[in-house]
Structures are given as structure tokens and as C-alpha cells.
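**Q** From first to last, the protein sequence lines stand for chains A and B.
For what it's worth, the working numbering labels the leading residue of the first sequence as 1, then goes sequentially.
For what it's worth, the working numbering labels the leading residue of the second sequence as 1, then goes sequentially.
If you are wondering where the hints come from, they were derived from the structure by calculation, not from laboratory data.
Keep in mind that a hint or two might mislead.
[Stated by the list, open to error] If you anchor each label on the Cβ, the simulated ranges turn out as follows:
no., chain 1, residue 1, chain 2, residue 2, range
1, A, 317, B, 198, 47 to 55 angstroms
2, B, 357, A, 424, 33 to 41 angstroms
3, A, 104, B, 300, 34 to 42 angstroms
4, A, 351, B, 177, 32 to 40 angstroms
5, B, 93, A, 37, 46 to 54 angstroms
6, B, 62, A, 293, 20 to 28 angstroms
Where a beta carbon is used, it is the ideal one built from N, C-alpha and C, also for glycine.
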Amino acid sequence: MTGLAALADACVRELGERAVVTDRVQLRTYECDGLTAYRCIPALVVLPETTEQVAFVVGRCHELGVPFVARGAGTGLSGGALPREDGVLIVLSRMTEVRSVDIADRRAVVQPGVVNLDISKRVAASGYYYAPDPSSQQVCSIGGNVAENSGGAHCLKYGFTSHHVTGLEIVMPDGSVERFGGRAPDPVGYDVVGAFVGSEGTLGIATEVTVRLTRSPESVQTLLAAFNGMDEAGSAVSAVIAAGVLPAAVEMMDALSIEAAEAAVRCRYPAGAGAVLIVELDGPTIEVEAQLADVEEFCRMAGAFEIRVASDDVERAQIWRGRKSAFAAVGRISPDYIVQDGVVPRTALPEVLRDIAALAQASGIRVANVFHAGDGNLHPLVLFDESKGETERAEEVSMRILDLCIEHGGSITGEHGVGHDKKKHMGRMFSNDDLDVMQLVRCAFDPASLCNPGKVFPTPRLCGERPGRRTGVHPLQEAGLAEVF
Amino acid sequence: MEVVTPSTIDDLATVLRDAAATGASVDVRGAGTKSGWGAPGRPADVIVDTTSLNTVVEHAEADLVVTVQAGTRLGELQRLLAGSGQWLALDPPEVAATVGGVVAAAASGPRRLRYGTPRDLLIGITVVLVDGIVARSGGKVVKNVAGYDLGKLFTGSFGTLGIIASCTFRLHPLPAARRVVSVSTEDPAQVADALARSTAEPAAVEWDGRAAHVLLETAAAAADPQAAEMAQLLGSDAVTDVVPASFGRRPWQSGDIALKVTHRLSCLGPAVTAIRRRWPDAAIAAHLGSGVLWAGWPAAKGLTSAELDDLRAVIASYDGTVVVVQAPPAVKDGLDVWGPVSGFAVMERIKERFDPDGRMRPGRFVGGL
Numbered sequence: 001m002t003g004l005a006a007l008a009d010a011c012v013r014e015l016g017e018r019a020v021v022t023d024r025v026q027l028r029t030y031e032c033d034g035l036t037a038y039r040c041i042p043a044l045v046v047l048p049e050t051t052e053q054v055a056f057v058v059g060r061c062h063e064l065g066v067p068f069v070a071r072g073a074g075t076g077l078s079g080g081a082l083p084r085e086d087g088v089l090i091v092l093s094r095m096t097e098v099r100s101v102d103i104a105d106r107r108a109v110v111q112p113g114v115v116n117l118d119i120s121k122r123v124a125a126s127g128y129y130y131a132p133d134p135s136s137q138q139v140c141s142i143g144g145n146v147a148e149n150s151g152g153a154h155c156l157k158y159g160f161t162s163h164h165v166t167g168l169e170i171v172m173p174d175g176s177v178e179r180f181g182g183r184a185p186d187p188v189g190y191d192v193v194g195a196f197v198g199s200e201g202t203l204g205i206a207t208e209v210t211v212r213l214t215r216s217p218e219s220v221q222t223l224l225a226a227f228n229g230m231d232e233a234g235s236a237v238s239a240v241i242a243a244g245v246l247p248a249a250v251e252m253m254d255a256l257s258i259e260a261a262e263a264a265v266r267c268r269y270p271a272g273a274g275a276v277l278i279v280e281l282d283g284p285t286i287e288v289e290a291q292l293a294d295v296e297e298f299c300r301m302a303g304a305f306e307i308r309v310a311s312d313d314v315e316r317a318q319i320w321r322g323r324k325s326a327f328a329a330v331g332r333i334s335p336d337y338i339v340q341d342g343v344v345p346r347t348a349l350p351e352v353l354r355d356i357a358a359l360a361q362a363s364g365i366r367v368a369n370v371f372h373a374g375d376g377n378l379h380p381l382v383l384f385d386e387s388k389g390e391t392e393r394a395e396e397v398s399m400r401i402l403d404l405c406i407e408h409g410g411s412i413t414g415e416h417g418v419g420h421d422k423k424k425h426m427g428r429m430f431s432n433d434d435l436d437v438m439q440l441v442r443c444a445f446d447p448a449s450l451c452n453p454g455k456v457f458p459t460p461r462l463c464g465e466r467p468g469r470r471t472g473v474h475p476l477q478e479a480g481l482a483e484v485f
Numbered sequence: 001m002e003v004v005t006p007s008t009i010d011d012l013a014t015v016l017r018d019a020a021a022t023g024a025s026v027d028v029r030g031a032g033t034k035s036g037w038g039a040p041g042r043p044a045d046v047i048v049d050t051t052s053l054n055t056v057v058e059h060a061e062a063d064l065v066v067t068v069q070a071g072t073r074l075g076e077l078q079r080l081l082a083g084s085g086q087w088l089a090l091d092p093p094e095v096a097a098t099v100g101g102v103v104a105a106a107a108s109g110p111r112r113l114r115y116g117t118p119r120d121l122l123i124g125i126t127v128v129l130v131d132g133i134v135a136r137s138g139g140k141v142v143k144n145v146a147g148y149d150l151g152k153l154f155t156g157s158f159g160t161l162g163i164i165a166s167c168t169f170r171l172h173p174l175p176a177a178r179r180v181v182s183v184s185t186e187d188p189a190q191v192a193d194a195l196a197r198s199t200a201e202p203a204a205v206e207w208d209g210r211a212a213h214v215l216l217e218t219a220a221a222a223a224d225p226q227a228a229e230m231a232q233l234l235g236s237d238a239v240t241d242v243v244p245a246s247f248g249r250r251p252w253q254s255g256d257i258a259l260k261v262t263h264r265l266s267c268l269g270p271a272v273t274a275i276r277r278r279w280p281d282a283a284i285a286a287h288l289g290s291g292v293l294w295a296g297w298p299a300a301k302g303l304t305s306a307e308l309d310d311l312r313a314v315i316a317s318y319d320g321t322v323v324v325v326q327a328p329p330a331v332k333d334g335l336d337v338w339g340p341v342s343g344f345a346v347m348e349r350i351k352e353r354f355d356p357d358g359r360m361r362p363g364r365f366v367g368g369l
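One chain only, chain B, in its complex shape (with noise of 0.2 angstroms):
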């Protein structure tokens, strides 16, 4: 196994074309933030280290868009963009993770109520695909119908379609104002219930497990007003400032078993149910109006086959899905991470377009893709 770092494009190119000569397999990683999220996959003879290809290479600031190159990272680029008081509107919590992590992990945070995930706020997009053709769609303006929107199918593609190489954002102001307005709760519903019927329009809900936080992103004038229209509507004095330590938080520790569960909108507080009458002494959060919620246990607790494909039919019934983010090699091995795939025929047809002899992440993503 070979680690090799570009710190070009036409290096990365080039990496890939050498490993094409031999037929090697090949890996990518940036920060290895989320590199045990994802089916273990077959090691590869070739790991690709994408944190030398850290360029930001173009910030055109008044027009809030930003070109770098995958291996920046995001804490990194968000701090440079403060700067000019903009920030490219993606708030997972792993900050230390690269921009082409976070795009091919279709990585979130409790804003992407707002602002949406990736895929949303991606532009352009510059791929070397496994055979070093460098290809690139979309470009540097936000409103773009040219050609087919490749952005779209490597973000969440966990890196098994061809290596980002660079990613054109649009960004976003940092909002002028803060307010977190907060109410302890056993039933995240309740409050989404709430928030549904009114016409407050919070950056990010974010229920912790004990308590949802409202957030409130918004000009100054409108701040304090809306925290306080907030606060009467939940029913709580609790407003300030500044933002929990626990908002966002993925609910697990590292060597933990965690899940990823979707939902349609009306059914998290069965959703909720269905993972607490399992395992009652699971973390749960939840991005309140997302449908997104994130689950995790000690590994001792275990996570057989059975109870995950228990959870998935009942979730199912939900119109979502439950993906095993992380877990201890040994109970992975016995799991399909990812589920059942709709449209399954079709991306196996993309893969094979993409890689057609597999060499890209082998068996990483769904289906054994």
C-alpha cells in the first residue's frame, strides 16, 4: 500500500493515470474525518492524500463565490472567508474535515434547514476520474444550466465515482445577528409541530437529545424581537446569544455504533420511538424540519443484522432510510451499512460508466459499489 500526496491537479492526474498503467486500486482520504463512515470496503494498493492540494484559488468576494481545491479544509476556508464576512454555509461538525470530504460525504449540520447540504451550495466541480481524465461542469456562477450537473453525482459519492480535485461555493453573509432560544424537551416533535405553524423562519432546530436550540439568523434590528416572539412561542426564557456546546454535535464518541435515519417530515416523533424502543439508552439528535436524525450506542451494546433490518422496516414506512455511519470493524463486517438502494440498476450502470473495472474505493459504497 502507497500513500502519495499531490499537490496538483496535474500531479493527482497524473497519480491516477500511473495506478491506471497497473490496474491498481485506489483510495481516497482527505482529513480522515469521516473515513470510517461507509461500507470497510477491500484495501487498495494506491491511497491518495488530497491535503497538499490546499489552494484557495480564487475568492471573488462581491460576487460570494470561492473556488479551492479538495484538500482545504473547511475550518480553515470558513476563517479566511470570515474575513470578508461571508462563509460558505455548511456547518458539520467535523471542522477539521477537508472541503472534498465534506462534499463526497454529503456531509451536513443543523443549518442545512436554511442553507441545504452540499450539493446545494456546490457550483462547479473539477474531477480526475481513475483513469486521470480531469474533467470539470458547472463553473463560477450560481445560476448555470450548461451541460450535465456532475457536482451533483459526486457529492455523496464517497469518492467510488473519481477524486474531487476542486469545488466551486456559493457563499453566504455571516448573518448580523444571533439569537439561541432554547426549551427542554423529551418530544422533538412538539416543538417542530410548533415551529411548522408559524411563519418564524430559524436558520437551524437543533433537538440534542434533552433540549432543542431554535436558532435565529437574522438582522439587527429584527434580533431581539424575534427571540422574544420565539420564546413566547415555545413556551421558554431561555435565550441568549450564544450557541450551545451540544449544537450539532454527531451524538457518539469515536468507536461507537452511530446511525444516520431519515424521515419524512411528519414522522419524527415516530422515528424517534422506533430508535428509543430498540436501544433506550441511545444519543439521539435530530435537525428539527430536516427529517434528518443521527443515533448512537457504545459498541459493547452491539448491532446484529436483525434489529437493523427491524429498524429499516419500520423507517421504511417513514419514507427514510438508516445507514450504519460508523461502527467497530467487527460488527460492520456482519452489516449492510447502507441498506436497501432505490434505483439501485442505475447507479450500478453510472458506476461502470465511471470505473468500469472498480478500481475507485472498492466496495465502499452502496451495493458493494
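Chain A on its own, in the form it takes in the complex (with noise of 0.2 angstroms):
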């Protein structure tokens, strides 16, 4: 018997039938998460309920030299999920159990297939809310969020996952289970719960997560403004931050999502707008006024010939339905697209997005501009036809948007994760050492290398290695970086 097959039998004795799937139909449902480009059927997928089962495939397979993948809800856009063929899916939706919810501590204890959404509805009663909104939120789970570090429109404001995981139980790359932080702040000892989050499932697997709860604000102010052009709503947004104003979100579309948008789900945004710019406001009552009157006062030098600010939370959820919908929508205008994810200091964003409309230009590729413009963070929605043989120049496109970013000081993800999908974009934006160094950090988890390997870094590299073995100049100096880090 292999030991793919000596896992499968353990597996169902411990964990059940139910739980193990080995049927190759069935196996094929799980071989892509939600960047779909990527796809492979994984020998195996257990499907536990609780800790102890995890840790008990998690332990086998270390002992078999099996590689593994964790997998929430499948959500992820960067493969970070994508089955090994050689290997064993750990799906962890049937996690789903809330621990605990302590509203005078502030914190839930979690399961990690708890959907991100459950836990503000769960509290929303209490006057309280989990403040991560990754734009799945309905259906994505706490385990992923915790995996990719999830941020959403809200986020320039209230910060990432990392900033409201407070805890987390973790299965170890050898089925050990630790324990680290929980519901009080400032866990003594190295910050593991800070490089957990975000590590994209190379360390472990989350399988409980302490996270925060946040007090509902006394007030939520939305306002949607129309511009001519993308550089006008760009000075509203440079304005309202220069002002020293913290909006919940700012979220900008041009000409083209607003089309996908407007195809798809009728969001009736002001007819011509060659940009729109939804600017959220929320905290207590007078503070949000004050702000608010300062917000259309900007978008109006600005230049805005539209303005207007949601009356109440249907009013709010039509504002935001466009946006919502965009990454959607386009399908509407386009048959086949990439989502791009990469930061540009906010201050370059006029003109990245003229880079990126001369790229578009010159290559005959359409390229939607949605993105979050109060941190940079873009979301270049790359329109092509591949029946049209238009796929590789698409792709092209897409990478070059991501050589902007490096270029000016940016990522080449602020939210999808590297997963699978931008691994061979690291070493453009961190040197061999660099990298080397966050290996350690894999090497004190994961020495075997089997928890969902081939993710992250470009190359792999065996953990005895010490990094900067070589001679030379150092990297950063010769790409004349050294003084800027």
C-alpha cells in the first residue's frame, strides 16, 4: 500500500467516511480555490471537525513525508489554496463552531471555518462588530482570513486581520498543537501569533482564532461623488488626507467599472462620470458631521459634478453595490479577465494609473480601474478575449502593471496573497537574503517543508542553509536599494 493509501485508511478510521474523500469526481470539486487559472486534484481530501483530527492527518503525513494544504472556503484569488497532486486538502469548513463570545472582553473565540460575516451578525446585537470586510466576507472563513492577512474596503481605517487576531491555537507542521495569545493583549515571548497571520498556510494551521470585536460606530456617513477624470477624484482624495481626515474607506472606479458596474447591477451611478468616489465616514455622531461637511467641501474644489450622501442604509448598500459588484461585472463587458492586486504609494497613483492606461493603450488591452484609493492599493481589472488569442498579451499587461508597483516603492500584493500565483514576482521585490531570512522562519516551523509547499518563495530552499552564503555585493546595493532601505 502507498502511503497515500495507508493515509486515506488511517484517515477514515479516525475521522470516518464522511470525512475523506477519495473519489476522483468528487476530488475534482476542490482543485482550484478562487484564482481558477491554477488548477491540480489532490490525492486526498480529509474534511475534519475538530482539533485533535486535524492534528491526527496533519501528524500522519509528517510521518509519511506527505505534503499538505490547509483550505477554507476556497475563496483565496492568488492559488494559495491550489491542491498538491501528491498530496492531502485539509478543508476545514465543517469548523464551524463559535467558542465563545465574551462581549465585556471584546473577543470571540472561533473555529477557523467560521464565516468572517457570522461573527459581526452574531454580535451586531450587542452593539458590536468584527471590523475585517474582505469583499467576500459572506462566505469566506476566519481560517483564510487568518492565512492571508485579509484586509477589505475598511481597513484604512481599521487596519487588517493582523491587527484583531488576538489568539490563535495552531497545528504544527509535525501535529503538534500550540497555543499562543488568546484574550489578553501582549503575549509575552516572540510575536508568533504576528507571524502567523498572513504566512498564507506555510507554518501550520490555525485551527481556533481569538479575535476582537469592535464597537459598532454611533454613526456611518457614505458619500458617493462623480468626476470628469480620474486625476480629479484623486486631488479629493489627496485633500481629504492632507486635511488629516481618516475615512473608513475611499474607494474610486473609472469610466470603464463603472460601465461593468452599471451592466450588472444597475448601481445608477451619475451618468458620464469619468470617475466616482465613494468616501465612508463612521465613529461618533458630531465627529462624522464635522468630517463630513469637510469631505463634500473637497470633492466640490476638487471638481465633483455630483455629489451625493446616502440618507440611510439602503441608500448606503446601493452606493456600495456597484463597487461590490465590480470585480463581477466586468464579465459583463469582457470575456475573459485578471484581477490584479498591487500598492502604489498613494501619492503615485495619478500617475501609475496613466502608466497603466498607456500600457492599455499601446497593447490594445483593456484595463478597469477599481481600487482602494486611500492606501494604494489597486485592483487593475485586465479585460481580454482568449478566444481571441489575446490571453498572453493579457498576461502581459498584468505583470507590467505589477513592475509599476515595484517601481515606485509599492507590493505586488496588498491583499490577494503570493500563494502560487505571484511566488515568481518575490524576487523582484526582496533580495535573495531577504528572502532567506523569512525561510527561517518556515525552517523553525515547517524543517520537512510540507505544509502547503511551493507557495510564498520562488525556490525552495533546504533549511540547513544559512542565508548569504555567497560573495558578491549584496543585492539591495547592486539594484541601488540600499539606501532607500
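The two chains are supplied separately, each in an independent frame; assemble them into the complex guided by the hints.
**A** Below, the structure written as C-alpha cells:
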């Protein structure tokens, strides 16, 4: 019997038939995550319900030298949960227990399969919510949020998953179970919770997550401003930030993405807009009122030709509908598209947008721009038609956009993660030494390299090696970046 | 023992490479404001003084981001940033401290309630490992999930994984207006409970042992109405725009015994009581709403290992920890200043990877790391 067959048998004995998938047709269901361009049918899928079961499966993998990949709801956009054909996919979607909700402690303790939005629903009546709000929050699970350090439209003010997770129970890659942090702040020792959040499933499997609950704001105001072009909208954002206002969210869409959203969900944004800006302010009523007046004034001064302020939750939802549908909506105006995720310093946005427009012009590939304008996180949607043989050109445009992000001192990913998709770009953002030192962390957790191997890092390294065992100039210096950092 | 004061990151790397060649152990210090924190450890062969690594590398004003070398003093950085109406939203009272020291010690102050601690504001870091390897993670944009976050690991590592060479931080605008609403109370939990029921969003709520001070930092037009609302909530008429001298001050003198005590938020009252019952004369200060207490008393009153264990057992039932921040050497030598650590085996493996020979600040951190 092969190692995998023995593993499947052991899992059936320990977890029961219902928790183990070996049928090829059923296995195919798990061949990809939200990034469907990469597919791979796993050798085995297990669906544990308890920490002990996860530890059992991981422990057996460790003994047998079988690689494993954890998967939550499968909404990831970087192929981080792409299975291995020689490995086990550990699906955590049945671990949906909310262990405790302690309003007085402002904490909830949940299993990783709990859906992001369900935490907020659970505590809404007490006047609290869970702040990170990735746009997939109705279906994505907390375990996946922890792996990806998920953000969302409101992370400008409220931060990312890493700011809201205070404790973790982790099944280590050798099958042991460790606990870090909890309901109190500042756990003693190295910040393992901080290192683990955003490690994209490569350091172990979180089986219990303690999250911070945030007080619901007294007041929320949402404003939609329509401009003739992106530059005007961008200068409104600059004015808001320069005035010291910190909105909960600042989102921008260009004409093409507005067109797509209109076609898909009839969001009724002002006709003829070359750009729309959505600004959401929240907090104590009196503070929000004062800031709203300022933001309206800044938009008008920047050339907004129409400004709408939502008068209730229904109108607010209407404003957000266009923005939130944008990714899927481009399907209405293009047979195929790539969702890119890059970051530039906010002040570089106008220049980068012009460069993207020039790229689109030169290549004949359309690019729709939707982005978190407050923090410079771009989501260019590269539109193409595979049947017309445009795929390669579209991928080239998509990659050139990342070049622009790197050239402007930004990042190749703001929230979707490196996963499988972008590992080849890591060497353009980091030196070999940087990556080798990150690998030290990896090796501390997973010396056998069985835990989601082949993700994040461009080249696998053996754990015996020390970083920097080469001669010559430091690559950072060579690249002229040594002065920057 | 040799003290070296590198003035560039290259120099720093050279110093560490040289130390590696001879197997020398290495200590690091910034301004020395917290050099008494942590376990006493063993004396090192080389002491790296970072205070000449003090360049503000880049202040991207409109992006609200700054990159500074680790030896830059926090107070000086804040003065520079204030010129642009901005600040690094960290307010530990040790203003003479270097930025690297603040990060290495994860030092925080009252405004952590709104802005978090160094881990939350650090968006990029350059470190030099014990063998002289220079590495960075993160970058200079706030939103960035590319690669592992070494900044998180180095924050609060007390220099035991390597030396922080430079840091990039997210900045915040200075608030337009400030009000402080104060109320005398022996029972900070009462104030914390009242605030938890309201939708007010103070920047900080500090209890100095005698009074609670609610700090409102807000839009100019909102300051007076919010202060009035807060005064009514607390039943106070003490409203001012001056932050009191006691605000955020650590409740001890140099030479005292000092503890940091954490707890889950609902256990503030019991945690204060646990300290008071054991040390009736202890000075206590608390960051309300954050779950952090500080306590101090004169060294003459002492602290035994048994007393510490006894307090730790109680505080553990509030999910918290007790760290002996500061104590005279004679007292510290008999104590486990960090206490038991959950997940220690993993931390040991991290240390082993970053510093296989245990040459960085030997013995200063948890469990003798």
C-alpha cells in the first residue's frame, strides 16, 4: 500500500468515511480556489471537525512525508489553497463552531471554518462587529483570513486581520498543537501570532482563532462623488488625507468599471462620470458630521459634478453595490479578465494610472480600474478574449502593472497574497537574503517543508542552509536600493 | 567588553560579521531607557550602540509614511513630524528612547487604545542578523501582504533575534483638538464599564491610581460637545485641554520594583485587587480598555519568587501575564522575570534558526533565550 493509501485508510478509521474524499470525481471539486487559472486534483481530501482530527491528519502526513495544504472556503485569489497531486487537502469548512463570545472582553473565540460575516451577525445585537471586511466576507472563513491577513474596504481606518487576531491555536507541521496569545493583550515572548497571520498556510494550520470585537460606530455616512476624470477624483482624496481626515474607506472606480457595474447591477452612478469616489466616514456622530462637511467641500473644490450622501442603509447599500460587484461585473463587458492586486504609495496613484492607461493603449488590452484609493491598493481588471488569442498579451499587461508597482516602491500584493500565482515575482521585490531570512521562519515551523510547499517563495530552500552564503555585493546594493532601506 | 557605534547599516553589518568571526556575543542598546528591562542575561563581548544610526531616511509626508534608522530618538522624530502636522502614534513615556528600542521592547503608552502598539504601525523593517546578513521585510506602503512579516517577529524580541537597523512606520495626522475629562476614582473598572457601554471613541483612557483621565482627540468642531457628553457620562466637571503630568507615566522610580500585568478586559477590577491585596502601597497605573496595568513599589519592600508565582496564578485566571519589568539585580537574579510562556518550544526553534549559537543578548529573553 502506498503512503497515501495508508493515510486514507487511517483517516477513515479516525475521522469516519464522511470526512474523507478519495473519489476522483469528488476530488475534482477541490482542484482550485478562487483563482481558477491554476488547477490540480489532490490525492486525498479530508474534512476534519476538531483540532484533534487536524492534528491526527497532519501528524500522519509528517510521519509519511506527505505534503498537505489547508483550505477554508476556497475564495482566495492567489492560488494559496491550490492542492498538490501528491498530497492531502485539509478542508476546514466543517469547523464552524463559535467557541465563545465575550462582549465584556471584546473577544470571540472561533473555529477556522466560521464565516467572517457570521461573527459580526452574532454580536450585532450587542453593538459590536468584527472589523476586517474582505469583499468575500459573506462566504470566506476566518481561517483563510488568518492565512492571507485579509483586509477589506475598511482596513484604511481599522487595519487588517493581523490587527484583530489576538490568539491562535495552531496545529504545527509535525502534528503538535500549540497555543499563542489569547484574550489578553501583549502575550509574552516572540509575536508568533503576528508572524503566523499572513503566512499563507505555510507555517501550520490555525484551528482556533481569538478575534477582537469592535464597537459599532455611532454614526456612518457614505458619500458618492462623480468626477470627469481620475485626476480630479485623486486630488479630492489628497485633500481629504492632507486635512487629517481618516475615512473608514475611500474607494475609486474609473469609467470602464462604472460601465461594467452599471451593466451588471444597475448601480445608477451619475451618468457621464469619468471617475466615482466613495468615501465612508464613521465614528461619533458629531465628529462624522464635521468631517462629512469637509469631505463634501474637498470633492466640490476638486471638481465633483455630483455628490450624493446616503440618507439611510438602503441608499448606502446602493452606493456600495456598484463597487462591490465590480470584479464580477466586468464579466458583462469582457469574456475573460484578470484581477490584479498591487500597491503603490497613494501619491503615486495619478502617475501609475496614467502609465496603466498608456499600457492599455499600446497593447490594445483594456484595463478597468477599481481601487482602495486611501491606501494605494490597485485592483486593475485586465480585460481580454481568450478566443481571440489575447491571453498572452493580457498576462503581459498584468505583469507590467506589477512592474509599475515595484518601480514606485509599492508591493506586488496588497491583500490577495502571493500564493502560487505571484511567487515568481517575489525576487523582484526582495533580495535573496531577504527571502532566505524569511525562510528561517519557515524552517523553524516546518523543517520538512510539507506544509503548503511551493507557495509564497520562488525557490524552495533546504533548511540546513544559512542565508547569505555567497560572495559579492549585496543584491540590494547592486539594485541601488540599499539607501532606501 | 567593547562598545561600537556604527553610523551606517553597512558598518553595523561589518561589526556583526566581525563578531561572528570570533564567536563574540553581542548586546545592543539604543538610548538605554529600558536597558534594565528583561532578564539580566549574561554580559556580552561586544555592545552595539545604535544611537549614531540616526538618519531619517525618508518622510513621505503626503503618504503619511516615514523610514528612520533605528537609533533615531522617538522624541526627535515626533518633533520633526509635528512640523508636518503628523506623528508616529506611539506614546510610551520614555521619549528619549530610540525608535529601535521602542520596537524591540514593543513599548506602548495610553494611546494604544486607538492606534495599537508598535507591531500595528510598523510596515517595514531592515534587520541585521547575528552573522551580519542584512534583510528586510514589508516595505513603505501600508497595505502589503508580500512575504513573511519579520517586523512582527522583531517587535518585542528584545534584540534577541538580531539588530533592528531601520523601521518604516505608518503615520497619523495630529489631532485637530484635544480635551481631557477627568474623574477621581479608586475603582477604574467602573469607568471602563461606563465607557464600554457608550459609543464614545476616546484616544486613550488612563487611570493613574487616583483618577481616570479620558483623552478625546477629535475634529475641532466636535471637541466641546464630545467633552460635555463625556463629562456627563462620568459625572465629572473636570474638563481641560491640557494632558495631566501623570498621564501615561510609569508608576515607579528608577531602582523600584516594577511589573507589567495584562488581563482580559472584563477582569480589570480583580486584577487591580490582586495587586493591591498583596502590595497595599503599590503605585498602579492602567491603560483602560487595553488590558494593561503597571505596578511599582520601592525595592525595600522586595519581591520573592513565591509572591510572584502566587500573583501569576491569579492573573493567569484572567488570561493575563505578569512580567517583572524592572528590579534591582539582587531581586531579579532570584526571579523568572518573564514567567511561563505558551508556545515556548516554537519560540526556541525560531531563536535557534536566527541565532544558532545564542550570541545575541544571551539570556535576556523568555526562558533564557
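**Q** Now tell me, hint by hint, if it's right for this structure.
**A** To see whether the hints hold, each was checked on the structure:
no., hint, in the structure
1, 317/A <-> 198/B: 47 to 55 angstroms, "violated, 27 angstroms"
2, 357/B <-> 424/A: 33 to 41 angstroms, "holds, 35 angstroms"
3, 104/A <-> 300/B: 34 to 42 angstroms, "holds, 38 angstroms"
4, 351/A <-> 177/B: 32 to 40 angstroms, "holds, 35 angstroms"
5, 93/B <-> 37/A: 46 to 54 angstroms, "holds, 53 angstroms"
6, 62/B <-> 293/A: 20 to 28 angstroms, "holds, 23 angstroms"
Hint 1 from the earlier list is the only one contradicted by this structure; the remaining hints agree with it.
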